[in-house]
Amino acid sequence: MDLQTLIYLFVGASFALYIGIAIWAKAGSTKDFYVAGGGVHPVANGMATAADWMSAASFISLAGIVSLLGRDGAAYLMGWTGGYVLLAMLLAPYLRKFGKFTVPDFVGDRYYSDFARTVAVICVIFVSFTYVAGQMRGVGVVFSRFLQVDVNTGVIIGMGIVFFYAVLGGMKGITYTQVAQYCVLIVAFVVPAVFLSLQVTGTFLPQLGLGSTIAFDFNNGVQTIEQGTYLLTALDQTFTDLGFSIPYTEGRAGVWNTFLLCVALMAGTAGLPHVIVRFFTVPRVRDARISAGWALLFISILYTSVPGVAAFARLNLIKNVQNNDYATWTAECTAEQEAAIVAARNSGADAARMPCAGNWFATWEKGGLIGWMDKNGDGKIQFANGAAYKGKPSFTGETGASGERLMSNEAVAAPAGQAIENELYVDRDIIVLANPEIARLPNWVIALIAAGGLAAALSTAAGLLLVISAAISHDLLGRVIFKDKATGKSTMSEKNELMAARGAAVAAILVAGYLGINPPGFVAQVVAFAFGLAAASFFPVIINGIFDKRMNREGAIAGMLVGLIFTFTYIVLNVFVEKNGFIVADIKPTGVGTIGMLLHFVVAYFVSRATAAPPAEIQQMVEDIRIPRGAGEATAH
Amino acid sequence: MDTQKAQAYWKENITTIMQLMAVWFVVSYGCGILFVDLLDTIQIAGFKLGFWFAQQGSMYVFMILIFIYAKRMNAIDEKYDVTE
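If you're matching them up, the sequences are chains A and B in order.
Following our numbering, the numbering of the first sequence begins with 1 at its first residue and continues without gaps.
Following our numbering, the numbering of the second sequence begins with 1 at its first residue and continues without gaps.
Hints were generated in silico from the structure; no laboratory data involved.
Just so it is clear, CB atoms sit at the ideal spot from N, CA and C, and this is done for glycine as well.
Among the hints, a few may not be true.
[What the hints assert, rightly or not] What follows is a list of derived Cβ distance ranges for each label pair:
# : chain 1 : residue 1 : chain 2 : residue 2 : range
1 : A       : His41     : B       : Ile68     : 18 to 26 Å
2 : B       : Asn74     : A       : Gly503    : 40 to 48 Å
3 : B       : Val23     : A       : Val602    : 40 to 48 Å
4 : A       : Val187    : B       : Asn74     : 47 to 55 Å
5 : A       : Ile23     : B       : Thr41     : 56 to 64 Å
6 : B       : Asp81     : A       : Pro615    : 40 to 48 Å
7 : B       : Lys79     : A       : Val187    : 38 to 46 Å
8 : A       : Tyr514    : B       : Lys79     : 50 to 58 Å
9 : B       : Asp81     : A       : Gly503    : 39 to 47 Å
[Stated by the list, open to error] Which stretches of chain B does chain A cover? Using the computed rule of at least three CB atoms under 8 Å from a CB of chain A, they are:
#  : segment
10 : 5-16
11 : 23-30
12 : 33-40
13 : 50-61
14 : 65-72
[Claimed, not checked] Partial list, computed: chain A residues near chain B (C-beta under 8 Å):
#  : residue
15 : Arg71
16 : Ala74
17 : Gly82
18 : Tyr84
19 : Val85
20 : Val190
21 : Gln207
22 : Leu231
23 : Thr249
24 : Cys262
25 : Leu296
26 : Tyr303
27 : Thr304
28 : Pro307
Could you build the full structure based on these sequences and the hints that come with them?
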């Protein structure tokens, strides 16, 4: 079957599955809609959490980031997994015992303040929309590359699918769809990773392949590294040969900033509302604890494969492009050439550098994610340290002597004394998406990747949209605007609140779709916002609410405001006003959430000690959430 | 449940968390960031040890920690008879 048919088949089958689940798991009550009825099995919740957590960025970009950063990529790997340890031990069990529907619920009730509740609602909405814009874009990118439709059409199709199961099924529909999406995305990530590991190192597991020896002689352009050399040694040697100042397995970001970034990502992960809310859906406190373990296990299957994929991809790229003749390598295959490649592969030879084997290169060049500038005019591709030219490729629309797309970018000369001058720009996002083509894996693997990328983006988008709709219908409408002053309860009926929740979900999808079609130019940068703000607001405010009985309304509000305003201002100044123009103490904006969190803790402590203790019934509530017995199910008010 | 028992339960809970978090910190921030260059002088098969902790080992330890935590907390819940 040809590739395009296979892709339609895989993506179509996965979409049919999601819709089928949505119809089966229709939400009948607000409790179904917000917390899936509170009866989700901990293993199922672990899978759903994993799919919720692993976004288009984890699936598509993470391996690219690690491949690019080498050892420094560990801050992302550890930060995005280590947060689950905090979540399991410091947050999830107690929030489950608290037994309400949302994070603003906890903040508002624990700190007996609608102001605190409203600040939390605003934070939830801001953080979640920041995140969701990137997901819808991810959906669009996968659609446009693999299904040959326009990016905008792709976003609209994605919106339609999410609309169907999020609005209809609420958390119940989302949970079971996410279980299916996890299965699709993990198979789609691991299968090509195993293929690559076998190809590069002859080892089955990418986790072990990373520490194994290479299965072929590897010519990096300066010297040939012999078969049997350790993969990481070969990469380090190649980096030195190609003029990179720091080898692959050494760090360049510095201990201070790596440390700050790692803390911010961990605390941010533990404080992200769409992750926390997943632990409201299990029946008991002990289920919340073990469920975090399952979630991390399922996440780690992907995350521990990532460093292998990153290293294999880096080596493969250099091996295949270095000094290869552009015109013959990237040409459309004739029947004889195709036969020659198949014959070479069947005899166990490496066909990746043969004529027309690099046709994928031209495809991605068309998409603008690769750009080659033949600076020395030899018709061959050279790849080495340093930027080939300034900025991202801006194509002139004309083609050069070898048939490559010409660019108007200003060329950058290689540093003095470097043996090879770089001619290539490679976008980090294609590391995962193009890997199967680079390694010439079977067509069904490529189709699988398309379905997996969509599963990763859609599952995260749905989880975020639900959190947004719950924040609006449950917290803002139910607990602030339509609050009965005398009883403190919502004056909305259950039926009306469910309708409001569905309406809010529809509105959220429309806004997300708009952001996907007209992405603000700074989607990548605002991710630092999401983590920084979650780390500086939700994480400390919840920790204080559980572990510090004396923490009161004044302390919590002061802490949240100081943490938020500080982090927000620092990021805005250094990202949007003037890039790195207001750096203090060498703190990068990506790690500033850590400082915001510390400020929050300090301010909250001193303000709470200077003001009146919380009322007795609040102190009793804190005592109560510390003991598992009597949790019951998540309840309405 | 009387106050004394609740306090003893909470204290044991905190001790468990502190012990596990100490391991969490040493493995990730210690081995993976602060002392990574020192550990990199030790090579095991194709891995420098610090690099391995940073990109592989820390994640395995995180997983194990949560499962140990869940198991130990269940035992403490039983001991103080606060299970659901």
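Results for each hint:
Range check, His41 (chain A) to Ile68 (chain B): Cβ separation about 21 Å, and the 18 to 26 Å hint holds. In this structure the hint that Asn74 (chain B) and Gly503 (chain A) lie 40 to 48 Å apart at CB holds, the actual value being about 42 Å. Checking the proposed 40 to 48 Å range against Val23 (chain B) and Val602 (chain A) shows it is violated: the Cβ atoms sit about 26 Å from each other. The given range of 47 to 55 Å is broken by Val187 (chain A) and Asn74 (chain B), whose C-beta atoms sit roughly 32 Å from each other.
Range check, Ile23 (chain A) to Thr41 (chain B): about 59 Å between beta-carbon atoms, so the 56 to 64 Å window is met. Between Asp81 (chain B) and Pro615 (chain A) the Cβ separation comes to about 29 Å, which falls outside the hinted range of 40 to 48 Å. Lys79 (chain B) and Val187 (chain A) have their C-beta atoms about 42 Å apart, which keeps the hinted 38 to 46 Å range intact. Restraint check, Tyr514 (chain A) to Lys79 (chain B): a C-beta distance of roughly 55 Å satisfies the suggested window 50 to 58 Å.
Take Asp81 (chain B) and Gly503 (chain A): their Cβ atoms lie about 46 Å apart, and the range 39 to 47 Å holds. By the rule of at least three residues with a Cβ nearer than 8 Å to a Cβ of chain A, the coverage given for the segment 5-16 of chain B holds, with 4 such residues. Coverage of a stretch by a chain is defined here by at least three residues with a beta carbon nearer than 8 Å to that chain's beta carbons; for the segment 23-30 of chain B and chain A the count is 3, and the condition holds. Residue count for the segment 33-40 of chain B with a Cβ under 8 Å from a Cβ of chain A: 5. That meets the three needed, and the coverage hint holds.
Coverage of the segment 50-61 of chain B by chain A holds [criterion: at least 3 residues with CB-CB distance below 8 Å; count 8]. Only residues whose C-beta sits within less than 8 Å of a C-beta in chain A count toward coverage, and the segment 65-72 of chain B has 5 of them, enough to reach three; the restraint holds. Annotation: Arg71 (chain A) was flagged as interfacial toward chain B, and the flag holds, the nearest CB pair being 6 Å apart, inside 8 Å. Hint status for Ala74 (chain A) relative to chain B: holds, with the closest Cβ pair at about 4 Å, below 8 Å.
Contact between Gly82 (chain A) and chain B, as hinted, is supported at the beta carbon level, the nearest pair being about 5 Å apart and thus within 8 Å. The restraint placing Tyr84 (chain A) at the interface with chain B holds, with a minimum CB-CB distance near 7 Å, inside the 8 Å limit. Because the closest C-beta pair between Val85 (chain A) and chain B is about 5 Å apart, less than 8 Å, the hint holds. For Val190 (chain A), the interface hint is violated, the least distance from its beta-carbon to any beta-carbon of chain B being 15 Å, above 8 Å.
The closest approach between the C-beta of Gln207 (chain A) and any C-beta of chain B is roughly 6 Å, which is under the 8 Å cut-off, so the hint is satisfied. Against a cut-off of 8 Å between C-beta atoms, the interface hint on Leu231 (chain A) holds, since the closest Cβ of chain B lies about 6 Å away. The interface hint given for Thr249 (chain A) holds, since its Cβ lies 5 Å from the closest Cβ of chain B, which is under the 8 Å cut-off. Below 8 Å, beta-carbon pairs count as interface contacts, and Cys262 (chain A) has one with chain B at about 6 Å; its hint therefore holds.
The interface hint given for Leu296 (chain A) holds, since its Cβ lies 5 Å from the closest Cβ of chain B, which is under the 8 Å cut-off. Proximity of Tyr303 (chain A) to chain B holds as hinted, the smallest CB-CB distance being about 6 Å (cut-off 8 Å). Interface hint at Thr304 (chain A): satisfied, since its Cβ lies 5 Å from the closest Cβ of chain B, which is below the 8 Å cut-off. Checking Pro307 (chain A) against chain B by beta carbon gives a least distance of about 4 Å; that is within 8 Å, so the hint holds.
Of the numbered hints stated above, those contradicted by the structure are hints 3, 4, 6 and 20, listed in ascending order.
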